[in-house]
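S.K.: So the sequence lines, in the order shown, correspond to chains A and B.
Just so you know, numbering that gives the first Met the number 0 puts 42 at position 43 of the first sequence, and the rest follows in order with no gaps.
Just so you know, numbering that gives the first Met the number 0 puts 96 at position 97 of the second sequence, and the rest follows in order with no gaps.
Don't read these hints as lab results, they were simulated from the structure.
Just to be clear, a hint being listed does not mean it is correct.
[Stated by the list, open to error] BS3-like cross-link-like pairs, simulated, lysine-lysine; straight-line CA separation at most 30 Å: (1) B:K213 with B:K199; (2) B:K199 with B:K257; (3) B:K15 with B:K48; (4) A:K62 with B:K167; (5) B:K172 with A:K77; (6) B:K255 with B:K167; (7) B:K255 with A:K31; (8) A:K28 with B:K203; (9) B:K203 with A:K62; (10) A:K31 with B:K226; (11) B:K72 with B:K271; (12) B:K213 with B:K267; (13) B:K172 with A:K28; (14) B:K199 with A:K31; (15) A:K55 with B:K133; (16) A:K77 with B:K180; (17) B:K226 with A:K28; (18) A:K31 with B:K203; (19) B:K226 with A:K10; (20) A:K10 with B:K203; (21) B:K255 with A:K10; (22) B:K180 with B:K133.
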Amino acid sequence: MTREQIVETTKNFLSDEFEIDRTLIEGDKNLKDTLQLDSLDYVDLVVVIEENFGFKTTAEDFKEVATFDDFYSMVERKLATPVEK
Amino acid sequence: MSKWDGKSRGTVLGYKIFVFFIRTCGIGAAYFILRIVSFYYFLFVGKSKQHILDFYMQALQVSRIQAQALLRKSFYVFGQTLIDRTAFLMGREKEYTLTVNGEEHLLQMQTLGRGGMMLSAHLGNWETAGNMLKRRVSSTINVIMLEAEEANIKQYLDSSTGGGSHFKIIAIKNDLSHIIKINNALSNNELIAMHADRTKEGSKSVEVEFFGRKARFPLGPFIIASKFNAPISFVYAVKAGNRNYDLFATPLITTKMKPEEIAVLYVKELEKKVRLHPEQWFNYYDFYAQ
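Make a model of the complete structure from these sequences and hints.
M.R.: Pasting the structure below:
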C-alpha cells in the first residue's frame, strides 16, 4: 500500500467512523484534537485500524503519533514489517 | 461522600496491624480484631453510612432496624474481604475454598478462542475469588483497574506480602494504552475482568433502572465488550462462610449487541445478586447521585 493509499483509506474510515468532514483531516493537524477523541473513542480507532489495515497496534506504535502525518508514517512502518502484522 | 471519588479507603497502619495478626495468630484472630474495628466504623462513619442505609431501605424495602443490621454485617464482611485479600497475597491461598457456579461458561469462553469479558461489580470480593479461579481456568486473566488504592498502601502490600496475585493488571490510563492491551489480550484468547458498576466524574455513562430508580453505570466496559466482539459473562464472587467464596458466571453472550443493551442485561443480573447478598454491596456512596 502506498502512502497515498494509506492517506485515502484513513480519511475514508475516519470520516465514516467519527463523522468528521474529511477536509479537516490534514497531515500536520493533531489527530486527537481533530477527531476529539476521548479514551473510549480509541476503542473504535483500534478496531478500524485492524479492519482496514489488517494489523494489530501496540501502545508503543502510538507513542510518537501526534499528527495525521505521524499516523500515516506509523501505518507505513507497520505494513512494511510483516512479522508484526 | 455523595459520589464515588475514585479512591479506596484505608491506611498503611491499618494494613500493618492486620498483616501482623494474620502472620502471628492466623486469619481467625484477624477476623476477631476486625469485629471491633468494623463496629467502630459502624458507629462513627457518617455520611457513607446514611447513603447505604437509604439504599437498603429504598431498594430492598427493609425497615431502618433491618437496614442497620445489614450495614453492620456489611462493614464486617467488607473487612473480611480485605483480610482475605491480604492473606491471599501472603501465600495463604490454601486456607480458602472456591465454589464455581457456571464454570462451564468460563471454560466455553476459552474454547471459543476469542478471549472473553468477565463483567463484575463491587459486590463481594472478585479479587480473591478470581485469583482462586486461576486454578480452574488455564487462560490468563487480566484485571482492568483504576489506580484507586493509595500508592503507599500498594507499596506496603507489595513489599510485605510478596504480592502473590495470579492476575495480570491492566491499568486504566488517559491514553489508549489500556485499550490496545485489552484488544491484544482478547486476540491471545485471554480473559478480561472488569468492574462495571462505578462511574467516575467526567466519564461516559449510561442510565439504567436499578431497583426501580435510574442509576448511572459506566459505559466504558460495555463499549469495550461490544466493539471487541468477545463473549461476555457477568461474574460475581461473594463470600460464603469464613473461608469460602462462591463465584457465579452467567451463560455467555456471544451475539453482537449494543453497549446499552449489554448494560441493561448486566444491571438486571446485578440486581438479582444484590438482592441475594445485600450485605456484600460495597458501594458506600449515593449510588443514584447524578
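S.K.: Please go over all the hints and tell whether each is borne out by the structure.
M.R.: Hints and how they fare:
no.: 1; hint: B:K213 with B:K199; in the structure: holds, 17 Å
no.: 2; hint: B:K199 with B:K257; in the structure: holds, 21 Å
no.: 3; hint: B:K15 with B:K48; in the structure: holds, 25 Å
no.: 4; hint: A:K62 with B:K167; in the structure: holds, 22 Å
no.: 5; hint: B:K172 with A:K77; in the structure: holds, 24 Å
no.: 6; hint: B:K255 with B:K167; in the structure: holds, 27 Å
no.: 7; hint: B:K255 with A:K31; in the structure: holds, 28 Å
no.: 8; hint: A:K28 with B:K203; in the structure: holds, 26 Å
no.: 9; hint: B:K203 with A:K62; in the structure: holds, 25 Å
no.: 10; hint: A:K31 with B:K226; in the structure: holds, 20 Å
no.: 11; hint: B:K72 with B:K271; in the structure: holds, 19 Å
no.: 12; hint: B:K213 with B:K267; in the structure: holds, 13 Å
no.: 13; hint: B:K172 with A:K28; in the structure: holds, 24 Å
no.: 14; hint: B:K199 with A:K31; in the structure: holds, 22 Å
no.: 15; hint: A:K55 with B:K133; in the structure: holds, 27 Å
no.: 16; hint: A:K77 with B:K180; in the structure: holds, 17 Å
no.: 17; hint: B:K226 with A:K28; in the structure: holds, 27 Å
no.: 18; hint: A:K31 with B:K203; in the structure: holds, 17 Å
no.: 19; hint: B:K226 with A:K10; in the structure: holds, 21 Å
no.: 20; hint: A:K10 with B:K203; in the structure: holds, 26 Å
no.: 21; hint: B:K255 with A:K10; in the structure: holds, 26 Å
no.: 22; hint: B:K180 with B:K133; in the structure: holds, 20 Å
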